[in-house]
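S.K.: Protein sequence lines, in the order shown, are assigned to chains A and B. For the first sequence, the working numbering puts the final residue at 113, and the numbers step up evenly by one. For the second sequence, the working numbering puts the final residue at 114, and the numbers step up evenly by one.
Everything labelled a hint here was simulated from the structure, so no lab data went into it. Values in this document were obtained by computation on a predicted structure and should not be read as measured data. A virtual CB, placed ideally from N, CA and C, is assigned to each residue, including glycine. You may find that some hints are simply not true.
Unchecked claim - Each pair of labels, with its calculated beta carbon distance range: (1) A/G41 to B/D56: 26 to 36 Å; (2) B/K18 to A/K52: 44 to 54 Å; (3) A/D54 to B/K18: 48 to 58 Å; (4) A/S14 to B/K71: 40 to 50 Å; (5) B/T15 to A/D54: 45 to 55 Å; (6) A/G41 to B/K71: 28 to 38 Å; (7) A/K52 to B/I12: 38 to 48 Å; (8) A/E8 to B/K18: 33 to 43 Å; (9) B/V52 to A/S14: 47 to 57 Å; (10) B/M50 to A/K52: 18 to 28 Å; (11) B/M50 to A/G1: 41 to 51 Å; (12) A/E8 to B/E70: 38 to 48 Å; (13) B/E53 to A/T112: 28 to 38 Å.
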Amino acid sequence: GNSVTQMEGPVTLSEEAFLTINCTYTATGYPSLFWYVQYPGEGLQLLLKATKADDKGSNKGFEATYRKETTSFHLEKGSVQVSDSAVYFCALKKADSWGKLQFGAGTQVVVTP
Amino acid sequence: EAQVTQNPRYLITVTGKKLTVTCSQNMNHEYMSWYRQDPGLGLRQIYYSMNVEVTDKGDVPEGYKVSRKEKRNFPLILESPSPNQTSLYFCASNTHYGTQETQYFGPGTRLLVL
Chain A
1 GNSVTQMEGP
11 VTLSEEAFLT
21 INCTYTATGY
31 PSLFWYVQYP
41 GEGLQLLLKA
51 TKADDKGSNK
61 GFEATYRKET
71 TSFHLEKGSV
81 QVSDSAVYFC
91 ALKKADSWGK
101 LQFGAGTQVV
111 VTP
Chain B
1 EAQVTQNPRY
11 LITVTGKKLT
21 VTCSQNMNHE
31 YMSWYRQDPG
41 LGLRQIYYSM
51 NVEVTDKGDV
61 PEGYKVSRKE
71 KRNFPLILES
81 PSPNQTSLYF
91 CASNTHYGTQ
101 ETQYFGPGTR
111 LLVL
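Working from the sequences, and respecting the hints, build out all of it.
M.R.: Following this line, the structure appears as structure tokens:
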């Protein structure tokens, strides 16, 4: 079946540090890949997405590239801010599905001043 | 404003007392679903609906019921809640089969079953 594996957290960083959160997936066919972010006390918001191999999703300084050869979709940001403190979820959606997202366990990121 | 709303946001109840969590979306989306979020497990789909009167089980449907009588509403029903249903619940909606349409999530309902 489909699955998503993310690096465990919490990840603690200083402001302006470089952030990487690893995400790998198992799926048949060509799924779409997503990163969602959950700020404290809030619901999930789409951060970025990629729908085919070698696509790069980007938003708010975050980037992730769909790597089919390594089945990965790692999230990166060059210089984090305290406001980036949140839980980040990697997810996939099969191309032939109506809408079911398969989520990773989530990675908590804490950015200190 | 396009949004998914859930009520209540917080709920404390006792084992066996029936409860309903409401979900409503104003985007005319066909597809709606419920997820639960538990530490270390991410979000797991409970039930989904592809349109009015069309519902089906997700990955963890035991102990839950849903209905879809109107396109905008998708309530989650716990007929006899148990402590293992203590969790954070999210409703989501999207449109378009087979596309990469963004899913919109509600703000979440935190449930504690004593």
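S.K.: Are the hints correct? Go through all of them and say.
M.R.: Each hint tested on the structure:
1. For the pair A/G41 and B/D56, the supplied restraint of 26 to 36 Å holds, since their beta-carbon distance comes to about 31 Å.
2. For B/K18 and A/K52, the Cβ-Cβ distance of about 45 Å falls inside the hinted range of 44 to 54 Å, so the restraint holds.
3. A hinted range of 48 to 58 Å holds for the C-beta pair A/D54 and B/K18, which are about 50 Å apart.
4. For A/S14 and B/K71, the hinted distance range of 40 to 50 Å is satisfied, since their beta carbons lie about 48 Å from each other.
5. The hint said 45 to 55 Å for the Cβ distance between B/T15 and A/D54, and at roughly 51 Å that hint holds.
6. Our hint of 28 to 38 Å for A/G41 and B/K71 holds, since their Cβ atoms are close to 29 Å apart.
7. Take A/K52 and B/I12: their Cβ atoms lie about 45 Å apart, and the range 38 to 48 Å holds.
8. Our hint of 33 to 43 Å for A/E8 and B/K18 holds, since their Cβ atoms are close to 37 Å apart.
9. At roughly 51 Å, the beta-carbon separation of B/V52 and A/S14 lies within the given 47 to 57 Å, and the hint holds.
10. The hinted window of 18 to 28 Å between B/M50 and A/K52 holds, with their beta carbons roughly 24 Å apart.
11. Take B/M50 and A/G1: their Cβ atoms lie about 20 Å apart, and the range 41 to 51 Å is violated.
12. Distance hint for A/E8 and B/E70: a CB-CB separation of about 41 Å, consistent with the stated range 38 to 48 Å.
13. About 51 Å separates the C-beta atoms of B/E53 and A/T112, a value inconsistent with the hinted range of 28 to 38 Å.
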